[in-house]
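Use these hints to put chains B and C onto chain A, whose structure you have.
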Amino acid sequence: MKRTPDVAPIVTALDRPNSYIGRSVPRPNLARLTQGRAQYVSDITLPRMAHVAFVRSPHAHARISKIETTAAKQAAGVIAVVTGAELAKVMTPWVGVLTHLKGIKSAPQHPIAVERACWQGEAVCAVVARTRALAEDACELVEVSYEELTPVTDAETALDPTTQVIHPELEDNLTFERKHEAGAPDQGFAQADAIIETTFRFGRHTGVTNEARSIVADWNPGEQRLTVYQGTQAPHMMQNLFAKHLGLEEHQVRVLTKDVGGSFGIKVHTYADEMATVALAKLLRRPIKFVADRLESFVTDIHARDHRVKAKIGVTRDGTITAFEIDDLTGIGPYSVYPRTSGIEANQVVNLVGGPYTCPNYRARARVVFQNKNVMCQYRAVGHPIATSVTEGLVELAAAQIGLDPLELRRRNLIPDDAYPATGASGIKFEALSHHACLAHIDSMMNYAGLRAEQARLRGQGVHRGIGFAAFIEVTNPSAAFYGIGGARISAQDGATVRLDATGALFCATGVTEQGQGTEAVIAQCVATAFGVPLERVRVLTGDTDNVPYGGGTWASRAAGIGGEAAWQAGKALRANVLAAAASILQADPKKLDISNGVIVDADNGRERIGLDEVARVVYFRPDTLPPGFQAEMVATRHYVPRGYPFAFTNGIQASYLEVDTDTGFIKLLKHWCVEDCGTVINPQLVDEQIRGGIVQGIGAALFEHCVYDERGQLLNGTMADYLVPMAPEMPDIEVGHVVTPTADSELGAKGAGEAGTAGASGGIMNAVNDALRPLGATPITEIPMTPDVVLRALNKI
Amino acid sequence: MTDRVRVALTVNGERVDAEVEPRQNLVDFLREELQLTGSHIGCEHGVCGACTVRVDGTIVRGCLMLAVQCDGDRVETIEGLSDSGDVADLQAAFCERNALQCGFCTPGMLLTAQELLLQSGAAPSREQIREHLSGNYCRCTGYQAIVDAVEAVALARQGQTP
Amino acid sequence: MKPAPFAYAKARSLDHAIALLDGAPDARVLAGGQSLVPALNMRLSTPSLLVDINGLRELGEISRRNGHIEIGALVRHAQAERSSAIAQLAPLLTQAIPHIAHPAIRNRGTFGGSIALADPAAELPACLLALGAEIEVTGRTGRRSVAADEFFKGLFETALGPGDVLTAIRIAVPGSAARFGFAELARRHGDYALVGLAAAGTVHGGGLADVRLAFFGVGDRATRARQAEAALESGNLDAAVAALQHDLSPHSDVHASAATRSHLAGVLLRRVAAQLDSST
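Protein chains in written order, with the numbering used here: chain A, 376 to 1173; chain B, -19 to 142; chain C, 705 to 984.
No lab work stands behind these hints: they were computed from the structure.
Backbone N, C-alpha and C fix where the C-beta goes; we use that ideal spot for every residue, glycine too.
Be aware that one or more of the hints could be misleading.
Which stretches of chain B does chain A cover? Using the computed rule of at least three CB atoms under 8 Å from a CB of chain A, they are [unchecked claim]:
# : segment
1 : 12 to 20
2 : 56 to 64
3 : 75 to 89
4 : 109 to 120
Cross-link-like lysine to any residue pairs, in silico, SDA-like; alpha carbons within 25 Å at most [to be verified]:
#  : chain 1 : residue 1 : chain 2 : residue 2
5  : A       : LYS480    : A       : LYS448
6  : A       : LYS448    : A       : ASP668
7  : A       : LYS966    : A       : ASP988
8  : A       : LYS685    : A       : ASP1085
9  : C       : LYS714    : B       : ALA(-12)
10 : C       : LYS857    : C       : GLY923
11 : A       : LYS1046   : B       : GLN108
12 : A       : LYS687    : A       : ALA569
13 : A       : LYS804    : A       : GLY1019
14 : A       : LYS1043   : C       : VAL971
15 : A       : LYS687    : A       : GLN627
16 : A       : LYS1043   : C       : PRO802
17 : A       : LYS1046   : A       : SER819
18 : C       : LYS714    : C       : ARG844
19 : A       : LYS1172   : C       : ARG891
20 : A       : LYS1172   : C       : SER966
21 : A       : LYS448    : C       : ALA708
22 : A       : LYS477    : A       : ARG1018
23 : A       : LYS685    : A       : ILE803
24 : C       : LYS714    : B       : ALA(-2)
25 : C       : LYS714    : B       : ASP36
26 : C       : LYS714    : B       : THR(-18)
27 : A       : LYS1172   : C       : ALA946
28 : A       : LYS804    : A       : GLY862
29 : A       : LYS633    : A       : VAL1010
30 : A       : LYS448    : C       : MET705
31 : A       : LYS1046   : C       : ARG892
32 : C       : LYS714    : B       : GLU(-1)
Calculated Cβ distances over 10 Å to all of chain C for the following chain A residues [stated by the list, open to error]:
#  : residue
33 : VAL400
34 : GLU552
35 : LEU621
Just chain A, same shape as in the assembly:
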């Protein structure tokens, strides 16, 4: 087994005795997960619980003229049949806009469609029954009369004056538009010796979490309280939204998130059917469970990435990039998703294109349009794969055009490692990045020169292999600049509460959540190190709005960097409190004491003075023995939000090595490398696994995953048999390397690592395929997924 080697703590400021920072310690929740003893929301059963199933629109756009529910109400096991109009009396609609995305607009969305269904799969009626099967039986008895309307499906024509406007009150189908110009792009292109202009197309795809979206909502009229078990990445955000749209106070709502079967950005949004489930629980005064089945997931889980980007790069003969220009168009379904909006991905594309490079000349436009397909919104590495594929695709096309090695062209244009702080052409601020160090690292890690030699040798034997790169930047640790300043009640800060228990163990409650990334381990590592106990003496609680500090949850690669820093600070604060108590017991100077391995020691020589269990015993059971006037505080809470920069950008570079069967158009991935810089690495193994998992999601996008719609707005491949996710045999082994540039915005210095893999993978693979095919005179491929159809067309074989 290849183990990630433990590395010594990298940052001396964190060099506490027995530090866990920088160590691959195992996650405390793994045993439970491997033994079938987890508790996912789909596992939960409550007394009197009923199940809801939804009648969903078979049409992409249709007026609902009548819903006949009599037969369904009389069916076996049925408790209630509820239409959108009836549920609208229980829950108010929402509109997914934010004020900092200037001009973004959307229409009110209801938990169940009222009058009109706007995509195939939108819920039009709810059936609540004793079991899911009985609810589905009764769904078949609900008769909905539809009047079909013309669907708007093609983003390219959505803004044409002749195209039907989906929401007439909005006047057109334009959700959001952003234009940006920096430097002198026209002058830049005029200076160029070569200009490459092409169009990139990105297939719509989706998250396919292994556990589908799941929720159990329980309204207790006796307590006037709503308890919601939900697989979500943002419990406090959902608490706020459930309360707001049910007309409750926030304290009347408790959101509990236990084990979550994958999220990746899918479970950070407001879903109409989940809102409906909560409203039904209130209406019916009993627990209601909804678990999306796989067919529902494909037509209701947010989709992402459906972008068409016209793009242009200018480059001089000596390899200086002189300008970038893009025109992005994306269709996001009939509603901007609440509360984060569906404008963020396109906005990110504008922010990130050209981001790794010094070139100051940049022109961008992004348009986001409505259409009658399932909604699109933020999914892992929002906008990054698009911006990276466009930028890096252009860079490698330019390198080929001027006959320069693609790594060398990057060397000449990446922002120098000593040029920080720096500002990108889109206006984004970089605290400190390490593009050149990462490039040098991957060059040697993959033995680039050796691979090129092998490639040339095999080319002579008719074997066509390709090497492709993608340098990238990644948005992590977002401040309030992401959502809060736009008016969304999504916490940018996060908190941790640490308590010393009566036996000297620690309990930590944190606002960030665990969906498998290893949040619990990382939080425990921070607390154990800052306070000074063995890791196994820290128990971590996440995902309970009644019992954890108010926080944002886990998204945008924020849990370790923001939640970890809060936990670190809380651990330090409690250490000070406990040392004060110990000092008062020992009649010592607290400044001369420390806590090491669970024991109070002399700070200078490590001599053991008193056990934590003894301090706890005295404080809790014999406080009468403490000096008069001394009150011990055995709980400490600290919060953290990044303030120095709007985002802690990370950076890195990926490389793909693959072989194309030029007869069949099939692509075999041979190896993949990633070197990334997420600042302080708290747990190397967890970071590496985030990178690997993220890369494989990017591979899915590059080769397999595509939500294919027809012109009527019907999803043609909404099953796991037809929507192809990456499986084990086709995936390569992935080597991960690190460069460490801590952020000075926090003491811990950790930035996020959850999305870097996804950000760069698809661009690197596209470049590698083009590298393999270029000598064969193939047309460069600028679309993903790269199916056999696409590759054979590029080779002019079909």
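This is chains B and C only, laid out in the frame that chain A set:
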């Protein structure tokens, strides 16, 4: 005609007598009637492998077998295999290698990997491991850590060190 | 989604199964269930009765008799995959079976079920065409044998009538001059093929005779490419590839265009022809 049917089977070594609806599949029966929620439901179409359980010693898709078909059968789930220690070394390797993130696929992965290791004379290659796991979907790990863990156990059982 | 309600009956004998099927026109036979149960779980199939034949142990055997190898309808793919008799007497099947889905599916899925379903992209129907197999069907009027060439009628359509149960497959034991080839192109290991080809022939002089090329994934059913067979028998591979334009009518779907399938069929023919040649 769609009446419940009486069945008697053994689940994790315990005799279970139940009356089941013919349409109830095995994994729903285990989860809903016996509260054995370690076997998961990811697709209900036999594609994802999260519902993998053992019936009469071989792994099957729990969503593609009806509970009513299991009359007289011996059914084993991750809960039973954990209690018996049957897959203890695989579980330990998965933990050590962080071969799971959300853990939803893990019970199915463990059962599938165990079948490969029990069938193989020699330690299977990484390619053979990947092929054997081809019907088990993991969205989190990218599979490499899982292959590493299974490979390590395969070698350890042959008395070799990885 | 959960299945619509249905009744369940466990057949005690083949006669009992046929009687049960006779009594309910929309009843379905439940064998391995690896294709039927997903269809039930999507409510694409809503029979009133499932007749479970898994208890009929006599259908689960592989035997050699009268110059044939006989494979019972209930033989599981995994059982066939491991069978030394099949490896020796019908090696084409041993080559094809690992391409069928995944281990847990092969543990449960049956030979007869795959043939009776007649999925156009499945491996086994094409293998039976290539092998010139006989399919034994038992119905209320007794037992009859249908040549594979006559069995597959259209998209999921076969020679099976109401009340019929597919009971066995018989394949003639090949002579020493027999040669086989198999290849398929699937996007992911175990997926249904975009295009596949099962082939058989006999070494005759310097070339091949009795060539049988059975493509799958390129039409509404597994299909013999008869003009290509003739061209290959005359030793002209290029002509055989060109003949596929006449022999096959591939479709477009979300996985590949008709043009891609057509092109890939030609690529596979060249690869499989090399297998037939190289094993001479």
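Structure-based check of all given hints:
1. 12 to 20: holds (count 7)
2. 56 to 64: Per the Cβ count (4), the hint holds.
3. 75 to 89: Held - the segment 75 to 89 of chain B has 12 residues with a Cβ nearer than 8 Å to chain A, which meets the minimum of three.
4. 109 to 120: holds (count 11)
5. LYS480(A) <-> LYS448(A): Answer violated: LYS480(A) to LYS448(A) is near 38 Å, above 25 Å.
6. LYS448(A) <-> ASP668(A): holds (23 Å)
7. LYS966(A) <-> ASP988(A): Measuring from Cα to Cα gives roughly 20 Å; hence the hint holds.
8. LYS685(A) <-> ASP1085(A): holds (23 Å)
9. LYS714(C) <-> ALA(-12)(B): holds (15 Å)
10. LYS857(C) <-> GLY923(C): Satisfied, since the Cα-Cα distance of roughly 12 Å is no more than 25 Å.
11. LYS1046(A) <-> GLN108(B): Within the cut-off at roughly 17 Å; holds.
12. LYS687(A) <-> ALA569(A): holds (10 Å)
13. LYS804(A) <-> GLY1019(A): holds (10 Å)
14. LYS1043(A) <-> VAL971(C): Holds, because 17 Å separates the two Cα atoms, which is no more than 25 Å.
15. LYS687(A) <-> GLN627(A): violated (53 Å)
16. LYS1043(A) <-> PRO802(C): holds (20 Å)
17. LYS1046(A) <-> SER819(A): It holds: about 15 Å lies between the C-alpha atoms, which stays within 25 Å.
18. LYS714(C) <-> ARG844(C): Cα-Cα ~18 Å, so holds.
19. LYS1172(A) <-> ARG891(C): holds (18 Å)
20. LYS1172(A) <-> SER966(C): Within the cut-off at roughly 11 Å; holds.
21. LYS448(A) <-> ALA708(C): holds (18 Å)
22. LYS477(A) <-> ARG1018(A): Answer holds: LYS477(A) to ARG1018(A) is near 23 Å, not above 25 Å.
23. LYS685(A) <-> ILE803(A): Within the cut-off at roughly 22 Å; holds.
24. LYS714(C) <-> ALA(-2)(B): Since the Cα atoms of LYS714(C) and ALA(-2)(B) sit roughly 17 Å apart, the hinted pair holds (cutoff 25 Å).
25. LYS714(C) <-> ASP36(B): Answer holds: LYS714(C) to ASP36(B) is near 18 Å, not above 25 Å.
26. LYS714(C) <-> THR(-18)(B): Cα-Cα ~13 Å, so holds.
27. LYS1172(A) <-> ALA946(C): Distance ~15 Å between LYS1172(A) and ALA946(C) Cα, so the pair holds.
28. LYS804(A) <-> GLY862(A): holds (22 Å)
29. LYS633(A) <-> VAL1010(A): holds (24 Å)
30. LYS448(A) <-> MET705(C): Holds: LYS448(A) and MET705(C) sit about 20 Å apart, inside 25 Å.
31. LYS1046(A) <-> ARG892(C): Cα-Cα ~17 Å, so holds.
32. LYS714(C) <-> GLU(-1)(B): holds (15 Å)
33. VAL400: Since the minimum Cβ distance to chain C is about 34 Å, VAL400(A) lies beyond 10 Å and the statement holds.
34. GLU552: GLU552(A) is indeed farther than 10 Å from all Cβ atoms of chain C, at 32 Å.
35. LEU621: holds (29 Å)
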